[in-house]
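Colleague: Taken in sequence, the protein lines are chains E and F.
Sequential numbering of the first sequence, starting at 0, is according to numbering that gives the first Met the number 0.
Sequential numbering of the second sequence, starting at 0, is according to numbering that gives the first Met the number 0.
Treat the hints as calculated values from the structure; they're not laboratory data.
There may be inaccurate statements among the hints.
Said to hold, decoys possible - Taking lysine-lysine pairs in the DSSO-like style, the calculated list, with each CA pair at most 27 Å apart, reads:
no. : chain 1 : residue 1 : chain 2 : residue 2
1   : E       : 158       : E       : 203
2   : F       : 49        : F       : 101
3   : F       : 99        : F       : 128
4   : E       : 420       : F       : 128
5   : F       : 128       : F       : 143
6   : E       : 158       : E       : 257
7   : E       : 420       : F       : 18
8   : F       : 142       : E       : 36
9   : E       : 419       : F       : 142
10  : E       : 93        : E       : 125
11  : F       : 101       : F       : 128
12  : F       : 82        : E       : 341
13  : F       : 49        : F       : 142
14  : E       : 25        : E       : 13
15  : E       : 93        : E       : 25
To be verified - Using C-beta positions, here's what the derived DEER-type ranges look like:
no. : chain 1 : residue 1 : chain 2 : residue 2 : range
16  : E       : 377       : F       : 100       : 52 to 62 Å
17  : E       : 262       : F       : 99        : 52 to 62 Å
18  : E       : 338       : F       : 14        : 19 to 29 Å
19  : E       : 85        : F       : 100       : 20 to 30 Å
20  : E       : 161       : F       : 99        : 41 to 51 Å
To be verified - Chain E residues, not near chain F, derived (Cβ > 12 Å throughout):
no. : residue
21  : 50
22  : 59
23  : 160
24  : 275
25  : 283
26  : 339
27  : 347
28  : 363
29  : 370
30  : 372
Idealized CB from N, CA, C, for every residue including glycine.
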Amino acid sequence: MTGIKPKIKSPLIKNGLGDLVLDVKKIRGDFPILSRKVYGKPLIYLDNAATSQKPRSVINALTEYYEQYNSNVHRGVHALSMEATELYDGAREKIANFIGSPSSENIIFTRNTTEAINLVAYTWGKENISDGDEILLTRMEHHSNLVPWQRLAKENGAKLKFIPLTEEATLDLTNLGELITSRTKLVAITHMSNVLGTINPINKIISVAHDKGALVLVDGAQSVPHLPINVSEINCDFFAFSSHKMLGPTGVGVLFGKTDLLESIEPFLSGGEMVREVWYDHATWNEIPYRFEAGTPDIADAIALGAAVEYLEWLGMDNVRRHEMELTQYALDAFDELDEIKVFGPRDVAVRGGILSFHSEVVHPHDLGTILDRDGIAVRAGHHCAMPLMRSLGLIATARASFYVYNYEEEIDHLISSLKKAIRYFGDGIRSVR
Amino acid sequence: MELEALDELYRDIILDHCKNPRHANHLDHPDLESQGNNPFCGDEISLQVKLSQGRIVEIGFNGRGCSISQASGSIMAGVIEGKSLEEVGELANIFRDLMKGKALLPNESDRLGELEALSGVREFPIRIKCALLGWSILEDGIKKYSSDNGE
């Protein structure tokens, strides 16, 4: 179907210890953008928590859709429409398998994680959360899993509560039993923090929440690209994530919801596609998941997300996780050399992903970002859409390096040496030239 | 090439203003005050201004943020001292033109003074907002002052 047939080659290679690990060199060959230069230097892309790069198979899937079977889905009787429909719903099937969903009917295509969370807030939330109810969040949420709940709480008279953080930047679950009360209707938590890299013990939280009758929504924007995920084992009620952080194109996100829940709630947006029968004065709703997909969907990007899922399955999510754990450990050790820089988040790579936010008293994150950029190194500098968390760290911004399958140790060496240069530049006024 | 661009961006005078911001105090009972931030990066600046006979006689400047936003704010505090609000408005426009890479007239360039040190920012489009943060906040304050005083 797509240009490259990843399954005919192995993504693994034996390392010095004889263990099978990701063959990063081979993998990099699948990503056209990684051969480009920035200011005459090889691109070192360390902004994967913002968005990932795309392999050729994903780019080809987009081109092939537009070149070979561009047409609308679910209504045409012609060949093109049938092909497009098959591939569009086929992508849904692939995604369902990838995250351990019992069926593809639980997979709703949205624009992104933010829209998936808003869908829940504006449908299930509006119907089920009322005056005096409580929504439990954590102190490390991205704005997209905070602001929709703020608005809902304000409109429906509910109260927001927050799970605090420990000194090690993990969730402090000491008082979880008291934080979840009989009034708690929803617990909405990030699976992996986009600032701290912390991987939260969601299974434990979900089991306590369910015991008290609360539902749980998991923001998986940072976890699905990097960890093996099984929503059935996790037993969450809703799970949201984005295509563009997991090698897929922008414009598509996914909401997983349990069948009985999805069937019990009214639609989000309304119009074409989401209806069964329409009269001048009323309408009935289509079955799930189509009930939640009003209008022509982002067909090409959903199909290309299917190609991204195929690519990740070819790599093996256990291999992806192991690669990133090793890279993160390497980076944490390397940052230890830099006395002027503080890294946030847990030290134990068993509970953290490949996201390193760091701060220097000598150089502001923006200035660090500019200096690294001129060395071809792409990092993020700012509040990472987590302003309350930044404030609680006593900062207004951090710089952040985040890794993926195509990153390797030498890139981290370059990052460290560029950081040293920035510190010399600002700290001692040592100029690069003259 | 790119290293020279960095040196051009981070001139000694910028790093000096960043480390030792001028007018770094808070004025009580100012005639005009204004504060704001850049929502993209969170950089913050607050300003207080005292006026006498229509001219700026005292400035208080405080902020948190990158070297460009803070140095630009500190330089701005220096160059606006002694100027009328109208002159400050003109200077803000000239500085904005400088950041946009527009060619300045000789008499405009002459008025820049220490602001010229920020001309390297032009090569870093993403940082122009940083350099303009203090000016935008000052202009907001002037607008509010003018409307409060019926001008």
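Colleague: The structure should be examined with respect to each hint, and the outcome stated for every one.
Modeller: Taking the hints in turn, this is what the structure says about them:
For a cut-off of 27 Å, the pair hint linking residue 158 of chain E to residue 203 of chain E stands: about 23 Å separates their Cα positions. In summary, the hint linking residue 49 of chain F to residue 101 of chain F is not supported, as the alpha carbons are separated by about 32 Å, beyond the 27 Å threshold. Between residue 99 of chain F and residue 128 of chain F the CA atoms are separated by roughly 11 Å; this keeps the pair inside 27 Å, and the hint holds. With a CA separation close to 25 Å, the supplied pair residue 420 of chain E and residue 128 of chain F stays within the 27 Å bound.
A threshold of 27 Å between alpha carbons decides the hint, and for residue 128 of chain F with residue 143 of chain F the separation of about 22 Å falls inside it, so the pair holds. Of the supplied pair hints, the one linking residue 158 of chain E and residue 257 of chain E holds, its CA atoms being roughly 25 Å apart against a limit of 27 Å. At most 27 Å may separate the alpha-carbon atoms for a hinted pair to count; residue 420 of chain E and residue 18 of chain F meet this at roughly 18 Å. Between residue 142 of chain F and residue 36 of chain E the CA atoms are separated by roughly 45 Å; this puts the pair beyond 27 Å, and the hint is violated.
The hinted pair formed by residue 419 of chain E and residue 142 of chain F fails the criterion: a straight-line CA distance of about 44 Å is larger than 27 Å. Among the hinted pairs, residue 93 of chain E with residue 125 of chain E is inconsistent with the structure: their alpha-carbon atoms are about 31 Å apart, more than 27 Å. For the given pair, residue 101 of chain F sits about 16 Å from residue 128 of chain F by alpha-carbon distance, which is consistent with the 27 Å threshold. Annotation: proposed proximity of residue 82 of chain F to residue 341 of chain E is violated, straight-line Cα distance about 43 Å (limit 27 Å).
Taken as a hint, the residue 49 of chain F and residue 142 of chain F pair is honoured in the structure, with Cα atoms around 15 Å apart against an allowance of 27 Å. With a C-alpha separation of about 13 Å, the suggested pairing of residue 25 of chain E with residue 13 of chain E holds against the 27 Å cut-off. Between residue 93 of chain E and residue 25 of chain E the CA atoms are separated by roughly 24 Å; this keeps the pair inside 27 Å, and the hint holds. For residue 377 of chain E paired with residue 100 of chain F, a C-beta distance near 24 Å fails the hint of 52 to 62 Å.
Look at residue 262 of chain E against residue 99 of chain F: about 56 Å separates their beta carbons, and that is inside 52 to 62 Å. Between residue 338 of chain E and residue 14 of chain F the C-beta distance comes to about 21 Å, which sits within the given range of 19 to 29 Å. Take residue 85 of chain E and residue 100 of chain F: their Cβ atoms lie about 52 Å apart, and the range 20 to 30 Å is violated. A C-beta distance of roughly 43 Å is found between residue 161 of chain E and residue 99 of chain F, which places it inside the suggested range of 41 to 51 Å.
Listed as a non-interface residue, residue 50 of chain E keeps its Cβ farther than 12 Å from every Cβ of chain F; the least gap is roughly 17 Å. With a closest Cβ-Cβ approach of about 32 Å to chain F, residue 59 of chain E is found to remain outside the 12 Å limit, as its non-interface label requires. For residue 160 of chain E, the condition that its CB be more than 12 Å from all CB atoms of chain F holds, with the nearest at approximately 25 Å. For residue 275 of chain E, the shortest C-beta to C-beta distance to chain F comes to about 43 Å, beyond the 12 Å cut-off, and the non-interface label holds.
At roughly 43 Å from the closest C-beta of chain F, the C-beta of residue 283 of chain E stays outside 12 Å, upholding its exclusion from the interface. For residue 339 of chain E, the requirement that its beta carbon stay farther than 12 Å from each beta carbon of chain F is met, with the minimum near 15 Å. In this structure residue 347 of chain E is separated from chain F by more than 12 Å, as the shortest Cβ-Cβ distance comes to about 29 Å. The Cβ of residue 363 of chain E does not lie farther than 12 Å from every Cβ of chain F; its closest approach is about 4 Å, which violates its non-interface assignment.
Under the 12 Å C-beta cut-off, the non-interface status given to residue 370 of chain E relative to chain F is violated; the minimum distance is some 6 Å. For residue 372 of chain E, the non-interface assignment is contradicted: its Cβ lies about 9 Å from the closest Cβ of chain F, within the 12 Å cut-off.
Of the numbered hints given earlier, the model fails hints 2, 8, 9, 10, 12, 16, 19, 28, 29, 30; all others are met.
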